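One line per chain: the protein sequences are A and B, in this order. With the first letter of the first sequence counted as 1, position 135 gets the number 135 in the numbering used here; the numbers rise by one all the way through. With the first letter of the second sequence counted as 1, position 324 gets the number 324 in the numbering used here; the numbers rise by one all the way through.
The hints are simulated quantities; they were obtained by calculation from the structure and are not laboratory data. Quick caveat, the model's predicted, so the values are computed rather than measured. Glycine included, each C-beta is placed from N, C-alpha and C at the ideal position. Treat the hints loosely; a few may be bogus.
As the list claims (entries may be wrong) - Dumping the calculated DSSO-like pairs for lysine-lysine here, alpha-carbon to alpha-carbon at most 30 angstroms:
{"id": "1", "chain 1": "A", "residue 1": "51", "chain 2": "A", "residue 2": "31"}
{"id": "2", "chain 1": "B", "residue 1": "160", "chain 2": "A", "residue 2": "308"}
{"id": "3", "chain 1": "B", "residue 1": "286", "chain 2": "A", "residue 2": "261"}
{"id": "4", "chain 1": "A", "residue 1": "323", "chain 2": "A", "residue 2": "261"}
{"id": "5", "chain 1": "A", "residue 1": "308", "chain 2": "B", "residue 2": "222"}
{"id": "6", "chain 1": "A", "residue 1": "51", "chain 2": "A", "residue 2": "29"}
{"id": "7", "chain 1": "B", "residue 1": "286", "chain 2": "A", "residue 2": "323"}
{"id": "8", "chain 1": "A", "residue 1": "165", "chain 2": "B", "residue 2": "45"}
{"id": "9", "chain 1": "A", "residue 1": "51", "chain 2": "A", "residue 2": "146"}
What the hints assert, rightly or not - Per label pair, the in silico range of CB-to-CB distance:
{"id": "10", "chain 1": "A", "residue 1": "46", "chain 2": "B", "residue 2": "171", "range": "56 to 64 angstroms"}
{"id": "11", "chain 1": "B", "residue 1": "85", "chain 2": "A", "residue 2": "114", "range": "41 to 49 angstroms"}
{"id": "12", "chain 1": "A", "residue 1": "282", "chain 2": "B", "residue 2": "128", "range": "36 to 44 angstroms"}
{"id": "13", "chain 1": "A", "residue 1": "169", "chain 2": "B", "residue 2": "86", "range": "17 to 25 angstroms"}
{"id": "14", "chain 1": "A", "residue 1": "169", "chain 2": "B", "residue 2": "36", "range": "15 to 23 angstroms"}
{"id": "15", "chain 1": "A", "residue 1": "122", "chain 2": "B", "residue 2": "128", "range": "39 to 47 angstroms"}
{"id": "16", "chain 1": "A", "residue 1": "336", "chain 2": "B", "residue 2": "84", "range": "44 to 52 angstroms"}
{"id": "17", "chain 1": "B", "residue 1": "85", "chain 2": "A", "residue 2": "316", "range": "36 to 44 angstroms"}
{"id": "18", "chain 1": "B", "residue 1": "30", "chain 2": "A", "residue 2": "218", "range": "23 to 31 angstroms"}
{"id": "19", "chain 1": "A", "residue 1": "135", "chain 2": "B", "residue 2": "92", "range": "55 to 63 angstroms"}
{"id": "20", "chain 1": "A", "residue 1": "122", "chain 2": "B", "residue 2": "36", "range": "39 to 47 angstroms"}
{"id": "21", "chain 1": "B", "residue 1": "86", "chain 2": "A", "residue 2": "80", "range": "36 to 44 angstroms"}
{"id": "22", "chain 1": "A", "residue 1": "296", "chain 2": "B", "residue 2": "109", "range": "27 to 35 angstroms"}
Said to hold, decoys possible - With the Cβ distance kept under 10 angstroms, some of the chain B side facing chain A (calculated, not the full set):
{"id": "23", "residue": "34"}
{"id": "24", "residue": "35"}
{"id": "25", "residue": "37"}
{"id": "26", "residue": "68"}
{"id": "27", "residue": "102"}
{"id": "28", "residue": "103"}
{"id": "29", "residue": "105"}
{"id": "30", "residue": "180"}
{"id": "31", "residue": "210"}
{"id": "32", "residue": "234"}
{"id": "33", "residue": "237"}
{"id": "34", "residue": "280"}
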Amino acid sequence: MTAALRQDAAPVAAPARVPLVSVEGLTVKFKGGDGSIAAVNGVDFTLERGKVLTILGESGSGKSVTLKAMMRLHPARKTTYGGKIMIGGRNILALSERELVQVRGSVVSMIFQEPMLAFDPVYTIGHQIAETVVRHEGVSRRDADKRALDLLEMVQIPSAARRLKAYPHEMSGGMRQRAMIALALSCRPDLLLADEPTTALDATVQMQVLVLLRQLQREMGMAVIFVTHDMGVAAEIADDVAVMYAGRFIEAGPVGPVIGKRLHPYTEGLLASTVHGASRGERLETIPGSPPNLAKLPSGCSFAPRCKYVEQRCRETEIPLFKPEPDHSARCLRIDR
Amino acid sequence: MAYAATTTPAKNRDPRDRGGEAQPLLMVKGLLKYFPVLGGVLNRKVASVQAVDDVSFDVAKGETLGVVGESGCGKSTTARLLMRLIEPDAGSVIFDGEGVGEQHGLSVRDMRRSMQMVFQDSYASLNPRLTIEETIAFGPKVHGVSGKEARDRARALLGKVGLDPNLFVRRYPHELSGGQRQRINIARALALEPRLVIFDEAVSALDKSVEAQVLNLLNDLKRDMSLTYIFISHDLNVVRYISDRVLVMYLGKVVETGTVEAIYGNPRHPYTRALLSSMPSMDPGKRTTAPALTGDPPNPINPPSGCRFRTRCAFAEGVCATVEPRLEIVADAERHAAACHMEIAGSGHTKAIPQLAPQLSGAVA
Ligand SMILES: Nc1ncnc2c1ncn2[C@@H]1O[C@H](COP(=O)(O)OP(=O)(O)OP(=O)(O)O)[C@@H](O)[C@H]1O
Ligand SMILES: Nc1ncnc2c1ncn2[C@@H]1O[C@H](COP(=O)(O)OP(=O)(O)OP(=O)(O)O)[C@@H](O)[C@H]1O
Ligand code: SF4
Ligand SMILES: [Mg+2]
Ligand SMILES: [Mg+2]
Chain A
1 MTAALRQDAA PVAAPARVPL VSVEGLTVKF KGGDGSIAAV NGVDFTLERG KVLTILGESG
61 SGKSVTLKAM MRLHPARKTT YGGKIMIGGR NILALSEREL VQVRGSVVSM IFQEPMLAFD
121 PVYTIGHQIA ETVVRHEGVS RRDADKRALD LLEMVQIPSA ARRLKAYPHE MSGGMRQRAM
181 IALALSCRPD LLLADEPTTA LDATVQMQVL VLLRQLQREM GMAVIFVTHD MGVAAEIADD
241 VAVMYAGRFI EAGPVGPVIG KRLHPYTEGL LASTVHGASR GERLETIPGS PPNLAKLPSG
301 CSFAPRCKYV EQRCRETEIP LFKPEPDHSA RCLRIDR
Chain B
1 MAYAATTTPA KNRDPRDRGG EAQPLLMVKG LLKYFPVLGG VLNRKVASVQ AVDDVSFDVA
61 KGETLGVVGE SGCGKSTTAR LLMRLIEPDA GSVIFDGEGV GEQHGLSVRD MRRSMQMVFQ
121 DSYASLNPRL TIEETIAFGP KVHGVSGKEA RDRARALLGK VGLDPNLFVR RYPHELSGGQ
181 RQRINIARAL ALEPRLVIFD EAVSALDKSV EAQVLNLLND LKRDMSLTYI FISHDLNVVR
241 YISDRVLVMY LGKVVETGTV EAIYGNPRHP YTRALLSSMP SMDPGKRTTA PALTGDPPNP
301 INPPSGCRFR TRCAFAEGVC ATVEPRLEIV ADAERHAAAC HMEIAGSGHT KAIPQLAPQL
361 SGAVA
């Protein structure tokens, strides 16, 4: 039933060995009442087709801003982008508005924590999915309806034919989340951006959605960037993990080493403060202090004010990226602590 | 279900204690709430949502009872019924030996002094126009505490929840971070010196490192102020960490209850097992390959006959559709009980023990 969604034509404009996504020196600044907010401060990464990158980090660290930048979804008038975002050979930051509209949905699409944001409450689920397919691919209405049905079946919505006629509010949270995934996949994107899509769900439904996403991602050979603040969720879905702090990737690498051999003191703190495995009554470790003010970031390492390994030199210089392993890197002067 | 409390961690006796150590702080019996579903041209009741259906449990003095279950299973409704934010259709609540809202019992107003609730949304539950000090002092003032004393209490509580009173008393909610706001909510709940605090997803919206701070705080406060907690959460790791005992709900019913060790180490109800195997493993080498539970929960307006879990249960048999399984003790020492025909001797389920020797039987009254 997923045949309709497989990549049948070879991807255009992406010669072999070039990664699907390549981001270099990405910065995002917002103009605001009290000066400029530096939400993303130099993010670099590449992502291959068929791989899942998970971005982990505290509230306000810039995860959602990074994700939205990948589709240039920030309000144009108050946002300044820097750097380069290449997706399938196109530089997203250089596209015209018209080109962007084409790219959104068919090359990159996005799912959110709150599925109600993705749907219009006055139309049925089936109508909205079919409409998207018609708009992007110019197929007939009948073919689009057929695709909508295939999609709902693919995301395992029970009695899919009947659910096509349902309005968003008539579905349970888990079902709406799956319907949103169906909508996001309706035009077979090369890259799916997922912003905490399971955070609002309970444990059993969260696991259903994670397993489903992984299965679809593998079948469609799609790349996924998955934002979460839950280490356990990252362990379930990620190939690679990037840990974000104050608008930067402060650590990145394959999921196993990042969890098992974390390099950065912040990653260490995050792992130590999860209750997973802590026994009752035992004191949990915490990271003292609070995240920095993005309107005036400290010089040197932005984690320095909270870091238990801090030395004078940490506050003085820009911290370069260290790579003790070819694919595992961190921005910290004390990775050998 | 009437269990005798076996432990009371509070060492020196609380002067507010009325029933003694063995008296559970809270005894809930047959709690029931059906929400009317209105419809038709006359907007009359056409059906009802069986949100909480015959729920019974005890909470011993000084213990933390964790409550888990799928979204919509009735956890928040149970909490709101206990607080009498909504009226139950049936059932009784006995607080330290006194019936709540009953003649010669405890008035709802007095109960609310002893029982407080903290909600998930730290922002929505604070009045944006009140300073932090006014927010915390508000409850005591309403209950007749003088302005000066209420303010002193507010400052002391701020210190207790780890916020410097000199820095925070004059601030407004929007000037605080999420974790700080949640501490204010906790301070406010403690201002009336309650004995029982209900936390409804109180740490769910917090970052992991802030969550850890708040959980440490809850452990400290519980010890220092001899509190008893009911802790509702969908995070099974947090519930394991904070609770002494756990209540598992499914579609308005209690399906299993027992000590943390019993529930996490030896779950007996198929739903509890599915729930626990939905916990992410933290080990990328041991990923979940198939979800333990598929499909959606049934409609609470028209729940399945017999066992409400049977439509999603891999072990369902004929008896599951016809007879509702009662909550049956499976291990007395761990106060462990489950509502599944496989655990009820002679139920007719092929996996149940055919008949039990009479001296070993123990149905839950
Ligand atoms: N449109 C905007 N204008 C101004 N500031 C913004 C805007 N969008 C986001 N920010 C700020 O950028 C920072 C990063 O926000 P972002 O939403 O990326 O955080 P996040 O890592 O996704 O956090 P969370 O886990 O809470 O979702 C925050 O300080 C936020 O207030
Ligand atoms: N005021 C109300 N009127 C009608 N139905 C209600 C009302 N409040 C709750 N319900 C219904 O009662 C059932 C139980 O809801 P409740 O909020 O107690 O669930 P919960 O276990 O707290 O779920 P969650 O984990 O999502 O918070 C649900 O089906 C819900 O839709
Ligand atoms: S009573 Fe039957 S349907 Fe219910 S959980 Fe037990 S075996 Fe499954
Ligand atoms: Mg976000
Ligand atoms: Mg609830």
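Now for the hints, and whether the structure bears them out:
1. A:51 x A:31: Roughly 34 angstroms separates the two Cα atoms, so the pair is violated.
2. B:160 x A:308: holds, 25 angstroms
3. B:286 x A:261: Cα-Cα ~17 angstroms, so holds.
4. A:323 x A:261: holds, 13 angstroms
5. A:308 x B:222: Given pair residue 308 of chain A, residue 222 of chain B holds - Cα atoms ~29 angstroms apart, limit 30 angstroms.
6. A:51 x A:29: holds, 28 angstroms
7. B:286 x A:323: holds, 27 angstroms
8. A:165 x B:45: holds, 26 angstroms
9. A:51 x A:146: Since the Cα atoms of residue 51 of chain A and residue 146 of chain A sit roughly 29 angstroms apart, the hinted pair holds (cutoff 30 angstroms).
10. A:46 x B:171: 56 to 64 angstroms: violated, 44 angstroms
11. B:85 x A:114: 41 to 49 angstroms: Since the Cβ atoms of residue 85 of chain B and residue 114 of chain A sit about 25 angstroms apart, the hinted range of 41 to 49 angstroms is violated.
12. A:282 x B:128: 36 to 44 angstroms: holds, 37 angstroms
13. A:169 x B:86: 17 to 25 angstroms: holds, 23 angstroms
14. A:169 x B:36: 15 to 23 angstroms: Since the Cβ atoms of residue 169 of chain A and residue 36 of chain B sit about 19 angstroms apart, the hinted range of 15 to 23 angstroms holds.
15. A:122 x B:128: 39 to 47 angstroms: At 32 angstroms between Cβs, range violated.
16. A:336 x B:84: 44 to 52 angstroms: Violated, at about 59 angstroms.
17. B:85 x A:316: 36 to 44 angstroms: violated, 55 angstroms
18. B:30 x A:218: 23 to 31 angstroms: violated, 49 angstroms
19. A:135 x B:92: 55 to 63 angstroms: Holds, since residue 135 of chain A and residue 92 of chain B (Cβ atoms, about 59 angstroms apart) stay within the stated range.
20. A:122 x B:36: 39 to 47 angstroms: 27 angstroms Cβ-Cβ, so the 39 to 47 angstroms window is violated.
21. B:86 x A:80: 36 to 44 angstroms: For residue 80 of chain A against residue 86 of chain B, whose Cβ atoms are near 50 angstroms apart, the range 36 to 44 angstroms is violated.
22. A:296 x B:109: 27 to 35 angstroms: violated, 50 angstroms
23. 34: violated, 20 angstroms
24. 35: violated, 17 angstroms
25. 37: violated, 14 angstroms
26. 68: Hint holds; residue 68 of chain B Cβ to chain A Cβ min 8 angstroms, cut 10 angstroms.
27. 102: Hint on residue 102 of chain B: violated, closest Cβ of chain A at ~35 angstroms, above 10 angstroms.
28. 103: violated, 40 angstroms
29. 105: Result: violated, 34 angstroms to nearest chain A Cβ.
30. 180: Hint on residue 180 of chain B: holds, closest Cβ of chain A at ~9 angstroms, below 10 angstroms.
31. 210: holds, 8 angstroms
32. 234: Check passed: Cβ of residue 234 of chain B comes within 5 angstroms of chain A, closer than 10 angstroms.
33. 237: holds, 5 angstroms
34. 280: Holds, because the Cβ-Cβ distance from residue 280 of chain B to chain A comes to roughly 3 angstroms (cut-off 10 angstroms).
In the structure shown, a violation is registered for the earlier hints numbered 1, 10, 11, 15, 16, 17, 18, 20, 21, 22, 23, 24, 25, 27, 28 and 29, in ascending order.
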